[in-house]
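Engineer: According to this note's numbering, the residues represented by the sequence shown are 20 to 189, in order.
Just so you know, the hints here were simulated from the structure itself, not pulled from any lab data.
Careful: at least some of the hints might be erroneous.
As the list claims (entries may be wrong) - Pair by pair, the computed Cβ-Cβ distance ranges are: (1) 150 with 96: 22 to 30 Å; (2) 65 with 118: 28 to 36 Å; (3) 156 with 104: 33 to 41 Å; (4) 57 with 36: 27 to 35 Å.
For each residue, glycine too, the CB sits at the ideal point set by N, CA and C.
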Amino acid sequence: MPQDEPAGRTGRTDHDEQPRWLDAEQQRLWRAYLDGSVRFVDAMTREHDEQSEVSLYEYELLVRLSESPDGALRMSALADGLAQSRSRVTHTVARMETRGLVRRSATADDRRGVLCTLTDEGRRTLVVAAPTHVAAVRRYLVDVLTPEQFRALGEAMAAVAAACREARPS
C-alpha cells in the first residue's frame with residue numbers, strides 16, 4: 020500500500036480517477052453501520068432459529084405474500100421485493116412448499132411465469148411467528164433508537180436501496 024494512503028483504505032474506483040477516501044468520521048460511521056447491521060441480522064436470525072418454525076428469510080417471504088393481493092406473487096416479483104437472487108428464492112420456496120407453507124403454480128396470463136401462493140398453513144405459521152419477530156425488532160432496533168433516529172435510518176436505507184437498484188436493475 021502506498022504510504023500516502025490511509026490504513027484500511029485501499030482500492031480504486033471503477034474509473035481511472037483517484038479514490039475519494041473516507042475521512043475519519045465517515046470511516047467511523049461506516050464501520051459502526053457494518054458492525055450494527057451484521058449484529059442486528061445475527062440477532063434476528065438467532066431469534067428465529069431458536070423460537071420460530073421459520074427462518075428470518077422465510078418469515079419475510081411469508082410477510083410479502085401475506086401483504087399481496089390474494090396472498091400470491093410471481094416468483095420474479097418476490098425475488099425483486101426480497102432483494103434476493105431468483106435462484107435463492109426458488110430454493111427457499113421449494114423447501115417451504117415441501118413443508119406446506121406455500122404452493123407454486125403457473126400464472127394464468129403467462130404460462131412461463133410461476134406464482135407463489137401463501138397456504139393456510141403458511142398463514143398460520145406467520146401468525147404464530149409474528150409476535151416473536153416484532154418483539155425482537157423492537158428489542159434490537161426500534162426501542163434502542165429515538166423516533167428521529169429510526170425515521171432517519173429508514174429514510175437513509177430507502178435512499179441506499181434506491182441507489183443500489185439504479186446501479187444494478189433487476
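Engineer: Run every hint past the structure and note whether it holds.
Structural biologist: Structure-based check of each hint:
Between residue 150 and residue 96 the C-beta distance comes to about 28 Å, which sits within the given range of 22 to 30 Å. Separation of residue 65 from residue 118 is about 21 Å and departs from the stated range, judged on CB atoms against 28 to 36 Å. Residue 156 and residue 104 have their C-beta atoms about 25 Å apart, which leaves the hinted 33 to 41 Å range violated. For residue 57 paired with residue 36, a C-beta distance near 30 Å keeps the hint of 27 to 35 Å intact.
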